[in-house]
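Q: Listed below are the residues making up each chain.
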Amino acid sequence: MVQIEELEQQVKALAEEGRERLEQAGSLEECEAVRVALLGRKGKITELFQLLPQLPPEARPEAGKLINTLKDQFQEALEQRLAALKAETIERRLQEEAVDVTLPGRPVALGRLHPSTQVLREIYRIFSGMGFQVFESPEIETDEHNFQLLNIPPDHPARDMWSTFYLVEPGLLLRTHTSPGQIHVMRKFAPEPIRAILPGKCYRYEQVTARSEMMFHQVEGLAIGRKITMADLKGVLTEFAHQMFGEGRRFRFRASYFPFTEPSLEMDMDCILCGGRGCRVCKHTGWVEILGAGMVHPQVLRNGGYDPQEFTGFAFGMGPERILMLKYNIDDIRLFFANDLRFLEQFSGGPR
Amino acid sequence: MRVPLSWLREYVDLPEDIEELAERLTLAGLEVAKIEYLGLAARAREGGHEEGGRATLDWEGIYIGEVLEVKPHPNADKLVIAVVDYGRGPRESVTGAPNIRVGDHGQKVAVAEPGARIIDAYGPEPKPVKVKAAAIRGVRSEVVLCSEKELGLSDDHSGVLILEQDLKVGTPLSELLQDVVLELDLTPNLARCFPIIGVAREVAALTGQRFKTPEVEWHPTGPGISGQVEVEIWDPDLCARYTAALVRGVKVGPSPFWMRRRLTLAGMRPINNIVDITNYVMLEWGQPLHAFDYRRLHSPDGPGKRIIVRRARPGERIVTLDGVERALTEEMLLIADPEGPIALAGVMGGLETEVTASTADVLIESASFSSTNNRRTAQALRLMSEAAARFGRGVPPELAPLALKRAAQLMRELAGGEIASGIVDVYPVKQKEVELELDPREVERLLGLAVPRDEIIALLERLEFACHPQGEAIRVKVPWHRLDVSCPADLVEEVARLIGYDKIPATLMAEPLPPQHRDRTLELEEQVREILVSCGLSEVITYSLTSPEAGAKLDPNSSPEDYLHIANPLSRERSVLRRLLLPGLLETVAENLKHRERVAIFELGRVYLPAGKGQRPREPRRLGIALAGPRERLSWHVKPRAMSFFDLKGIIEELLRGLGLEGRFERPSRPHPSFHPGRTAKLLIGGEEVGLLGELHPRVKEAFELELEWPVLAAELDLEAILALARATPVGRYRPLPQFPAVLRDLAIVVDEAIPAERVAQAIKAAGGELLRELVLFDLYQGPPIPKGKKSLAFRLRLQAEDRTLTDEEADRLRLQIEARLAEELGAELRK
Ligand SMILES: [Zn+2]
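As you go down the protein sequences, you meet chains G and W in turn.
Counted from 1, the first sequence has number 193 at position 193 by our numbering; the numbering is strictly sequential.
Counted from 1, the second sequence has number 823 at position 823 by our numbering; the numbering is strictly sequential.
Because the hints were derived from the structure by calculation, they are not lab data.
Model, not experiment: these values are computed from the prediction.
There may be inaccurate statements among the hints.
[What the hints assert, rightly or not] Which residues of chain G face chain W? A partial, calculated answer using Cβ under 10 Å:
#1 F49
#2 Q50
#3 T89
#4 L110
#5 I140
#6 D143
#7 E192
#8 R211
#9 M215
#10 F253
#11 E262
#12 W287
[What the hints assert, rightly or not] Computed list of lysine-lysine pairs in DSSO-like fashion (alpha-carbon distance at most 27 Å, straight line):
#13 K44(G) with K71(G)
#14 K791(W) with K649(W)
#15 K553(W) with K701(W)
#16 K283(G) with K227(G)
#17 K127(W) with K283(G)
#18 K503(W) with K227(G)
#19 K327(G) with K168(W)
#20 K12(G) with K65(G)
#21 K78(W) with K34(W)
#22 K791(W) with K682(W)
#23 K430(W) with K283(G)
#24 K649(W) with K188(G)
#25 K71(W) with K127(W)
#26 K327(G) with K283(G)
#27 K790(W) with K765(W)
#28 K201(G) with K127(W)
#29 K201(G) with K613(W)
#30 K682(W) with K649(W)
#31 K132(W) with K168(W)
#32 K71(W) with K34(W)
#33 K594(W) with K701(W)
C-beta atoms are modelled at their ideal positions from N, C-alpha and C, and glycine is treated no differently.
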């Protein structure tokens, strides 16, 4: 017979042994060995259960409880030890995996849109909010469309305003402005009302310098309807300019001249560079011109197929490169078509 | 236009604040480009400053003096000692000026005290220097008698400036010279503001001041002009009016200082009193005048001279005032005497009848010539005179006699001539009186601002429009000096200008939104940009103008005749319209390779192709792509690797995918001269060839100076066709996600190296049928142990059924079928 006291002693000893051996186990494998030694088929705790029949029957429930508690405690301790060891292993691996975070990242090859495209898109976005849609018209124009239908007959003094590249083919030229698009779009849609934006390349017979280019973009705007007024023109342009240049800017409208609009105007903005105090960029006036506009001349309306008694309209024209030059204080227009990527890549994420 | 305010003030009172006046003018369309302050005002503003290379002075310490006596210099023959008084007692000045001679006295001159700043007339550059008292050849010179150059007035240093007699001794010179000049940038419709009087009219209307209508004085005292001069206009279509006056017995010499000063301030060079007067009146009134030496006109038929206004005859020539002999065409208008041309009408006078120092009798011409004809002549002869600049923009015929009389009178006063009684006035085509009807509602309809009828009338009358109410409307008579007003909209602009554009409200269109028409092509074009940018390409925009030589670098077989040519090119490099994007792109690559090693760019733009006779040229959209340098930017992550044909192809495949298109790539049947013969493909979509891509031929690389070892890849695609195909492609249907798992099988085969990979892929697809959902070529290998002339291809097959889970046996069976097909069709062997 085995006495309960004896068993109690053995349980105590085994509890001690288990704790010590787990503590010494430095790896998952060693932990497993400890588990086998105590809880395996021939483990020391397992063997304790075989002592139960040798105990007096009244002591057996008490003894069974004792052994089970020992087993549970050991298992719990084993799991804790295993968890600790796992965490340690991960921790060690993570430490080994550390990198020098100051090393440069892997370069991502992202392209950029040309700044002129970016600003064109911005213009489309602003005007589409006011119901204007984009249309295109040819770059090679007839004298008739580029001049005559816009109220500029041959030998008209206003022709001095546009130095022109002519093609060898008689009657053809490179458009000097996007305004002939007005005629195309009017003839396409008359007598429907129109709100159109006409972008594209234009050309002038001019020596290329920091201030003048032989090629540039222009955006023409045209609105025709039965109730379009110069007040609308001012409103639309002011809305545009605030969105394009920011809320804080000041604008003014002054009388000007284009043969195809009457009345005509130009819109100025306070000089960004000097804040209106006067500098080289604004020629000491404090103002810089941003666009030209006016009410469509009755003769041009007629040429487009609209009755000027019934319809009125406004038109405006602006240069995306000029807008960029003003916004970013660029002093050389040649940069746009020199296509030096060091320049082009400075314009990311659209105009601000 | 340069407008000295001292001159303008003769015709209108000006406000105190010149800046404000300038702003008012600018807002009304007379853009003041610059305000130039001369004299004291300049000092108060910003101190003396450099302007256009010429230093301007404040003239402090310079006074009007009188020459009391001129004595010989004891030690120098060419120098004299002038004793002058400028209000501080006599002072001595040693001078070598040829117009101050021993014995002279009484001239009024400009005297500079020590410390005053004058221009150094002897230095290499006209810089300001300080006057110092100094001994010259042993005689102390206390002050300087100044030349015009020394005063910064002109480049004339031929003598001391002699001023008008009636000036008061001791007056600071700045009081005489100080002025403000407005520089106006005038649009072509503002020809009326070329002259001072035109600007005065505008200023009066804008500021509400009275315009001081100039009274033309006219005191003819000589015998009648008839019999002395007759005028015939043979071509009245080109000359609406010709007036002439005769002034006899003039003495040609320099003009008085005030006139020279005004001409100089206005930007003209003084010549002599007769020529200066014609220029002065032109600047003041806007009427170009011409002065003939009366005696040099030929009069074969008697004592009287006969002026004929006619077109030139074939072969006729004239030597103009500038000494150039000019061949004339029959379209050019001449002023002639019975023997031949004496002037190019309204452009330039003839040398033969020019006014010279010996001229005594002057015939003044004041006429109106056709502006179009005048412009054509001036342009044909490249002769842009002041007269042509004005006639070309229109001079009203009603102005001719006014300016004529003003000039004759000035000649009488300043050159001592006698005016013949009467003028010649031939006026075959009367200036049209323009009358318009303006409804106040029209003002509101255009401006969006209601202006009461009476206010409109008051505004227009300030500009000398005669207004009469007529019912609701106004009958408006346009004054003769307003050639630019011809329709009611012009009047609305006048009303708006005078009210001020700032008074017009800003509204957003009340009109309903017109029908919206979207342009799919433009939307797709933006999408193309988006895709290419996300592929790592940067957009460039190159010149549309190029040279045939640039095109020939790409394709030596191209010919200059293929291009649209510019008739007036700026340079050979920009003389034709491009037919291809690639030359511009490759030039851009070469430029950028000078400062970076990797370039990946695209351009989306038009090319320009001749069409048949009588048809507009075509401007199809193209897409060009160019890649050069390593695949990745230099970094520590990868070793630099060259880009290849397949980098370019991958981008184009991505583009097609983005547009919902399927393309095929084929070796061209004949090698293209621009590309590597073995590394070029044409792109086909639905059987249509839409472009070429490949590695540049070494010859092309060299021609564009692309000096790098690695290949340069380029593509030029017909975007117009691609976008049309994309537009026509219906929106794709969504495909349900697979319900059953896929089975993967790898397949490695060995085939002849001449067999294109795509043929192998097609054979696999054909054998795989519907169960083969995806096929990826993941390895290509040549070399041992693969026999020579063969290549190994490894594919991964994704097999999947829509209605069941494929078993391994089914998948293996399918693979066997595929292998059999490959063996049979392409002689492929299985690689173990
Ligand atoms: Zn500024």
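Q: Which earlier hints can't be squared with this structure?
A: 1, 2, 3, 6, 8, 16, 19, 21, 23, 24, 25, 28, 32
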